[in-house]
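Build the full structure now, drawing on both the sequences and the hints.
Protein chains in written order, with this note's numbering: chain A, 1 to 240; chain B, 1 to 144.
For the record, the hints were derived by calculation from the structure and aren't laboratory data.
There could be a bad hint or two in this list.
Unchecked claim - Stretch by stretch, here's where chain B covers chain A in the computed footprint (C-beta under 8 Å, at least three residues):
{"#": "1", "stretch": "49–57"}
{"#": "2", "stretch": "80–93"}
{"#": "3", "stretch": "110–121"}
{"#": "4", "stretch": "136–146"}
{"#": "5", "stretch": "165–178"}
{"#": "6", "stretch": "195–205"}
Claimed, not checked - Taking CB as the label site, the calculated pair distances span:
{"#": "7", "chain 1": "B", "residue 1": "L74", "chain 2": "A", "residue 2": "V190", "range": "40 to 46 Å"}
{"#": "8", "chain 1": "B", "residue 1": "R7", "chain 2": "A", "residue 2": "S111", "range": "18 to 24 Å"}
{"#": "9", "chain 1": "A", "residue 1": "E150", "chain 2": "B", "residue 2": "A17", "range": "26 to 32 Å"}
{"#": "10", "chain 1": "B", "residue 1": "A17", "chain 2": "A", "residue 2": "F136", "range": "51 to 57 Å"}
{"#": "11", "chain 1": "A", "residue 1": "I16", "chain 2": "B", "residue 2": "A3", "range": "40 to 46 Å"}
{"#": "12", "chain 1": "A", "residue 1": "R84", "chain 2": "B", "residue 2": "A99", "range": "56 to 62 Å"}
{"#": "13", "chain 1": "A", "residue 1": "R115", "chain 2": "B", "residue 2": "K2", "range": "56 to 62 Å"}
{"#": "14", "chain 1": "A", "residue 1": "R151", "chain 2": "B", "residue 2": "T9", "range": "37 to 43 Å"}
{"#": "15", "chain 1": "A", "residue 1": "E232", "chain 2": "B", "residue 2": "D94", "range": "55 to 61 Å"}
{"#": "16", "chain 1": "A", "residue 1": "L132", "chain 2": "B", "residue 2": "Q6", "range": "33 to 39 Å"}
{"#": "17", "chain 1": "B", "residue 1": "Q6", "chain 2": "A", "residue 2": "A227", "range": "46 to 52 Å"}
Quick reminder that beta carbons are idealized off the backbone N, C-alpha and C, glycines included.
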Amino acid sequence: MPALHALANPTRFLSIARPLTPVLLWAGLLLLAVGAWAGLTLTPPDYLQGESVRILYVHVPSAWLGMGGWTGIALASFSLLVWRHPLAAIAARAVALPGAVFAALCLITGSIWGRPTWGTWWEWDGRLTSMLLLFFLYLAWIGLARADAERGGDGRIPAIFGLAGTALLPVIRYSVVWWRTLHQGPSITVSGSSIDGSILWPLWLTLTGFSLVFGAIVLMRMRAMLAQQRLEARMRRMAA
Amino acid sequence: MKAKHQRLTLALAALAAIVGAGVLAVSALGEQAAYFYSPADVAREGVPVGRAIRLGGMVEKGSIRRSDDGVTILFTVEDGPARTPVEFRGVTPDLFKEASGVVAEGRFRADGTFIADNLLAKHDERYMPPQLEGGKHKTETLEP
Chain A
1 MPALHALANP TRFLSIARPL TPVLLWAGLL LLAVGAWAGL TLTPPDYLQG ESVRILYVHV
61 PSAWLGMGGW TGIALASFSL LVWRHPLAAI AARAVALPGA VFAALCLITG SIWGRPTWGT
121 WWEWDGRLTS MLLLFFLYLA WIGLARADAE RGGDGRIPAI FGLAGTALLP VIRYSVVWWR
181 TLHQGPSITV SGSSIDGSIL WPLWLTLTGF SLVFGAIVLM RMRAMLAQQR LEARMRRMAA
Chain B
1 MKAKHQRLTL ALAALAAIVG AGVLAVSALG EQAAYFYSPA DVAREGVPVG RAIRLGGMVE
61 KGSIRRSDDG VTILFTVEDG PARTPVEFRG VTPDLFKEAS GVVAEGRFRA DGTFIADNLL
121 AKHDERYMPP QLEGGKHKTE TLEP
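Pasting the structure below:
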């Protein structure tokens, strides 16, 4: 892990994060603008769903980033527990909030799509329930990490929670395969996509766009937390 | 260095144990967590008359009939070889059509007809523009 160790020094991390933040943010917003325009005007409607198919350009990236966010918490937790990486606790806390927001966005857009398509806002099937559980895990983790940080903890307890929560990710992914659910099976797998190419292509734009914006938000939050830490350290020195 | 390797082994073992436990727990749930019964389940296990369940499958081609009162529709839900007659009074969802997925909420009547209180359309994983419809549409079952 030489690259990660090079980032262990907060000053070096900041010297990379500072110029990287606007690059990620603006590239992401540009891709989102192009993707939204293409998804709203260029692509055909679906043969069954009609125009409501277009919500997929927000719903699918939200689902992937909601799950990707927890993967980020798990990776940071792992490097905190094993290598005591000094930025890991901050990285996990920075990822958690946007991860929770995207998980919520996935649930909300799915609900809006479900009403005209299935005829219901919400059903307790395997996919919907496991995704809601992930959202609740985020809320619990954020509360725990905040309490741990306020008490001056080293982040190990939220890290254990972060690792344990990883068990939910394969359950969400395979819920539609293991169980009969109302939610359809996976459209995009390693072997290809059952979404026609004419409908699919703007999804890659919005997916990359949302991911880059996600990265920019994480870097901003990490920088803000590091600044806060420095400020508190300075206040303590001045008070002493 | 030694301690670091110990922590690495411990963390990997813990992660494997947690994910393994999760997968085991979930696979033990098995059919209990299924969102609906298929006609094949009903034929195999039998469902008591009057118990509220969900019945899911494909609407059989050519089976949708409207009864004389004009508001009751009759159709057959099929799942491969098994089929169940369904009766429903009310407004069907837009996506309810022949040879596509449906989940009906309701209960069995003594004569083996399923009386649905509510219909949900099930969408499959294929998305395509209208002009491609037909050629690709050949889903026969909702089983994953």
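*Apply the coverage criterion to the stretch 49–57 of chain A and chain B: a residue qualifies when its Cβ sits closer than 8 Å to a Cβ of the chain, and three qualifying residues are needed.*
holds (count 3)
*Measuring from beta carbon to beta carbon, are B:A17 and A:F136 in 51 to 57 Å?*
23 Å, violated
*With respect to the beta-carbon atoms only, verify the hint that A:R115 and B:K2 lie 56 to 62 Å apart.*
58 Å, holds
*Do the beta carbons of A:R84 and B:A99 sit within 56 to 62 Å of each other?*
59 Å, holds
*Please test the hint of 46 to 52 Å on the beta carbon pair from B:Q6 and A:A227.*
At roughly 35 Å between Cβ atoms, A:A227 and B:Q6 fall outside 46 to 52 Å, so the hint is violated.
*Can you let me know if the beta-carbon spacing of A:E150 and B:A17 is within 26 to 32 Å?*
30 Å, holds
*Please count how many residues of the stretch 110–121 of chain A have a CB within 8 Å of a CB from chain B and say whether that reaches 3.*
With 5 residues in contact (Cβ-Cβ under 8 Å with chain B), the coverage given for the stretch 110–121 of chain A holds.
*Quick check: the stretch 195–205 of chain A, covered by chain B? Criterion 3+ residues, Cβ under 8 Å.*
holds (count 5)
*In terms of beta carbon proximity below 8 Å, does the stretch 136–146 of chain A have 3 or more residues touching chain B?*
Check failed, 0 qualifying residues.
*For A:L132 and B:Q6, compare the CB-CB distance with the range 33 to 39 Å and indicate the outcome.*
37 Å, holds
*Is it true that the C-beta distance of A:E232 to B:D94 lies inside 55 to 61 Å, as the hint says?*
This hint holds: roughly 57 Å between Cβ atoms.
*Would you check chain B against the stretch 80–93 of chain A, counting CB to CB pairs closer than 8 Å, and say if three or more residues qualify?*
holds (count 3)
Checked against the numbered hints above, the structure breaks hints 4, 8, 10, 11, 14, 17 and satisfies the rest.
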